[in-house]
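For the record, the sequence lines run as chains A, B and C. Note that our numbering gives residue 132 to position 132 of the first sequence, counting from 1, and the numbers run on in steps of one. Note that our numbering gives residue 394 to position 61 of the second sequence, counting from 1, and the numbers run on in steps of one. Note that our numbering gives residue 763 to position 41 of the third sequence, counting from 1, and the numbers run on in steps of one.
Everything hinted at is true.
Which bits of chain A does chain C cover? Going by a derived footprint, with three or more residues having C-beta under 8 Å, they are:
no., region
1, 100-109
2, 242-253
3, 295-303
Quick list of the computed label-pair ranges, beta carbon to beta carbon:
no., chain 1, residue 1, chain 2, residue 2, range
4, A, V177, B, T695, 56 to 62 Å
5, C, L901, A, R313, 44 to 50 Å
6, C, G778, A, A206, 57 to 63 Å
7, A, A95, C, P808, 39 to 45 Å
8, C, D908, A, W133, 55 to 61 Å
9, B, T695, A, D155, 31 to 37 Å
10, A, G142, C, L851, 50 to 56 Å
11, C, Q807, A, A206, 37 to 43 Å
12, C, S812, A, R313, 23 to 29 Å
Here are a few chain C residues that sit away from chain A, every Cβ distance over 12 Å (derived from the structure):
no., residue
13, F864
14, W877
15, M902
It is worth saying that the hints were derived from the structure and are not from the lab. Glycine residues also receive a C-beta, built at the ideal position from the N, C-alpha and C atoms.
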Amino acid sequence: MQSRLRCYLVPTAFLAVACAATPFINDYVRYVATLAAIWAVLAVSFDVLLGYTGYLSLAHGALFGVGAYTGGLLTARAGWSFWLALPVCGLVAMAVGIVVALLAFRTKGLYFAVLTLGIGLIGFQMFFVAEDWTGGVVGFVGIPSPPPLPFMSLDAAGNNLVIALLLLWVTYLAAGVFVRSPMGAASLAIREDVVLAQALGIRISAARLTAFAFSAFFAGTAGMLFGAISNFVAPESFAVMTTGFQMVVLVVVGGMGTLWGPILGAILLTTLPETLRVASSYSLLAYGVLLLVFMLFAPKGIAGLLKQAWHARRARQAAVAAPAAQPVTEGVR
Amino acid sequence: MIKTPKLAASLLLALAATSASAADLVIGEIHPITGPAAFYGLPESQAIKAAADEINTSGGVKVGGTSYQIVIKTADDQASPTVGVAALRKLLGEGAKFIIGPIASGVAPALKPIIESRPDVVQLIDGSIADGLTNGKTIFRNQASVQAYNDALTRLTKARAYPTVAVMTDRFHAGFMGSQKSLVDTLESQGNKVVAQEYHKLNDTDFSAQLTKITSMKPSALVLRGYPAEGALITKTARQLGYQGQVIWEFVSPPSTVLKNISTAEMEGVLNAIPPTSQDYVALGNEKALKLETRLKKMFNAEIGELSTLSYDAVYIFKAAIEKAGTLESAAVAKAFTQLKTTDVPMAINPYAPGADGLLFTDGQVSLPGGVQIWKGNGWQPLADLKPN
Amino acid sequence: MLTMLPQQLVNGLTLGSTYALIALGLTLVFGVLLIPNFAHGELYMLGAFSTYALVGAGVNFWLAVVIATLIVIAIGVVLDRVVFQPLEHSSSLSLMIAALAASIILQQGATIAWGSEPRTTPTPIPGVLRMAGFSIAYFQIFIIGVTLAAWGGVWLVLNRSRLGLAIRAVAQNRGAAQLMGIELRDVRIATFAIGALLGGLGGAILSANFPVYPTMGINPVLKAFVVLVLGGIGNLWGAILGGLLLGIVEVMVAGYISSQLQDVGTFLILVLVLLLRPQGLFGRVVLER
Chain A
1 MQSRLRCYLV
11 PTAFLAVACA
21 ATPFINDYVR
31 YVATLAAIWA
41 VLAVSFDVLL
51 GYTGYLSLAH
61 GALFGVGAYT
71 GGLLTARAGW
81 SFWLALPVCG
91 LVAMAVGIVV
101 ALLAFRTKGL
111 YFAVLTLGIG
121 LIGFQMFFVA
131 EDWTGGVVGF
141 VGIPSPPPLP
151 FMSLDAAGNN
161 LVIALLLLWV
171 TYLAAGVFVR
181 SPMGAASLAI
191 REDVVLAQAL
201 GIRISAARLT
211 AFAFSAFFAG
221 TAGMLFGAIS
231 NFVAPESFAV
241 MTTGFQMVVL
251 VVVGGMGTLW
261 GPILGAILLT
271 TLPETLRVAS
281 SYSLLAYGVL
291 LLVFMLFAPK
301 GIAGLLKQAW
311 HARRARQAAV
321 AAPAAQPVTE
331 GVR
Chain B
334 MIKTPKLAAS
344 LLLALAATSA
354 SAADLVIGEI
364 HPITGPAAFY
374 GLPESQAIKA
384 AADEINTSGG
394 VKVGGTSYQI
404 VIKTADDQAS
414 PTVGVAALRK
424 LLGEGAKFII
434 GPIASGVAPA
444 LKPIIESRPD
454 VVQLIDGSIA
464 DGLTNGKTIF
474 RNQASVQAYN
484 DALTRLTKAR
494 AYPTVAVMTD
504 RFHAGFMGSQ
514 KSLVDTLESQ
524 GNKVVAQEYH
534 KLNDTDFSAQ
544 LTKITSMKPS
554 ALVLRGYPAE
564 GALITKTARQ
574 LGYQGQVIWE
584 FVSPPSTVLK
594 NISTAEMEGV
604 LNAIPPTSQD
614 YVALGNEKAL
624 KLETRLKKMF
634 NAEIGELSTL
644 SYDAVYIFKA
654 AIEKAGTLES
664 AAVAKAFTQL
674 KTTDVPMAIN
684 PYAPGADGLL
694 FTDGQVSLPG
704 GVQIWKGNGW
714 QPLADLKPN
Chain C
723 MLTMLPQQLV
733 NGLTLGSTYA
743 LIALGLTLVF
753 GVLLIPNFAH
763 GELYMLGAFS
773 TYALVGAGVN
783 FWLAVVIATL
793 IVIAIGVVLD
803 RVVFQPLEHS
813 SSLSLMIAAL
823 AASIILQQGA
833 TIAWGSEPRT
843 TPTPIPGVLR
853 MAGFSIAYFQ
863 IFIIGVTLAA
873 WGGVWLVLNR
883 SRLGLAIRAV
893 AQNRGAAQLM
903 GIELRDVRIA
913 TFAIGALLGG
923 LGGAILSANF
933 PVYPTMGINP
943 VLKAFVVLVL
953 GGIGNLWGAI
963 LGGLLLGIVE
973 VMVAGYISSQ
983 LQDVGTFLIL
993 VLVLLLRPQG
1003 LFGRVVLER
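Required output: the full structure, derived from the provided sequences and hints.
The following block contains the structure:
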């Protein structure tokens, strides 16, 4: 019971602190933080599929794009309100995601990755070809910003940041609910051993489809928000080898299967290039090296390293406490 | 808890970066300093610094009795819209009100909404050629628009009266794709029938399918709209497949890049319809261009780039506008931009054509006429007479 | 329309042979060692860059190809030792991610070393053969020849040598092969070396066919994976036929439907084949791994 409460309280506390801090930091930093929050939404929802269910999808960059373009079409062309459009974009991305999943789950392992890679690439090409809807290579201009939140009287940058943090909070809590549900347990079983899970009678198709749909929904909402804060989207932002690959890096470096690890990954990998101001080749090189180093030496990511350090500390504390207890029991025996 | 220390650190960094003394004039510049377009972006950035250096050593920018030294703040957009937006926000956060850049056609439209939401920011685009970027109030451009490229091309095709034309365009190039329809309409209206429109993209390595189609129609001219490396390979493949008509390029193609991918023999006679490049001015002995070339070698040990003269001019245009306004206040400077005449910027290297009343900008856009070049031997030479001989 | 057909078919065969050449090395490493080597494209790229640099320094083209190939074999073996061997017992997901990381590292390393300006090695066999219905460059005929020769060479090694026997045994059943006394480490190094040889040779020769730049390996390796899906992983025949088929389909889509949809066509094929015949057009049904 206590840990259930903790699961809701801790993220809410973070949200409150972060929101309280927003009026005090400058525009540029807030913009970077907003981007980091959006990437964190992507990372957390992607972790549900990659970390918890064990499937590597390279199509999510395109799903992110579907959310962004749908958001543009709904708000700029059809005049919908931001709050109504946000969940609808998630639903549209989810619908596309379900179609992709139904196709892709007929394969497994590397074939799954290659198939989703192919779909991600097709999606990326379609953003160019469907010019009338997406604006093609020139991009989709004129997406309206999110409306100001009531009761908060923040300027545009602060408003965007708080909305992004709210979305992250919702995503994290929802992911937590999924992971602790029977579906979530089934997903874990799939990750560990699909054949055994099937033999045990676990309904794997429902579980993994739900995981895929979940990650697609939030990728879509993140895309919509991304379009709204940039007022502009171009296909370039949804390429497989950059965005799609970045999602994998965030989750792996942050810590697969932990939900909070990917948030760390997102923060680190969004703020690092900005604070270091490195040349593009060096920053991409650093991404690659980081990913490789983590895969080889710390496959559980930063979250894994932190947990290890925490457990080591607990073990040391226990070892210090234990010898004092020994003589008493010895005497009794 | 995890976020705030990083934010605090970034805040301190941002504060530190904004320190500039009172008699400084800050100009921000956004270009691809690294990444795939660095070849064009870095020389532009260097030219801006060279111009600033030249102005500072000869007395700076004079406003109301004070002499301001120009301080250039550089931001790298890596030719990516997302990086470009972050770079712009960083510059604005550091207090820059005057911005020069960008180049990449994908970056400029992403920056536009931000610039327009800040009425105290004035932008002068020195590289991007895509349509619809200027607003004539706070966003101006001293680079030719893609229209100038197209005008040079259509003048050529009209003069030579090509009965049939095929067009091969890079479908990932915003500038070319955005103006494709108007180009085709103009060609058709002046009697050059467009028999084929084919597409390729940057980094493609095989064009045989499209060129086979085009060659089978035997157009008198084949127009290429894209980038030099692909242009070279397309030209090679076209000849290989038996195409014998005139090949016309419509993009900036430094001979050094071209010759890395195709032989001089295969390039002989190819035409190029673009505004003159910095190297053209150097080759023609333009004094100011030569001075810039020397200064770049001295300051950075770097060669002059295709678009360097545009960036150089941009700094002088800002100087002229600020001195005309008599203040550093953005609204006045923006107004001065709209009132600048071509004669107000004598240090500019590019020969901007005066608009109505001798104005430099019309709706925020300069008039920089394109010309036609022909490849002879090892490089391009200007083609004065467009008629065939 | 139909008059173009012979030329388009020739175009497709030429393009396809470049795909087949790259896929050949990948299918070997993947089929035998179960390593999804995304970095194979970078081996190809390094072969191309090395050849260009050597020729630029005055070395004869053919000699440069040989040297470049040897360089790439060395790099390939190092790549295996540093990246894949430590992950030998990890999931294929980990291998995939590590391969992606290695790929990015090599790409950016090449960008930092050489810059991203495209460049082409001057062609060693200039000239075009013009026939009645089509024309083809002599160098392109040579490339097709090299592809077939490479396939032949690999087939000979696999089917007529002791090493090849060991490789095939490991591919069929790793455990049993070990029990039979086959030294896994030697087979591993040899297989990776052959794979790298094919990749590097492909890059070296193709550096004279189209521009060379640091990210030139991305697209070919994606196409190579498509070829592998078409042809069946580990199937040599499949790699060649799949590559040729893919080249022809791409050219036909670009030539007869629309050049805007060129890539869409490729990946649609991928999706269709994976759905309808997951073992590939030419592959045998493979047990779930």
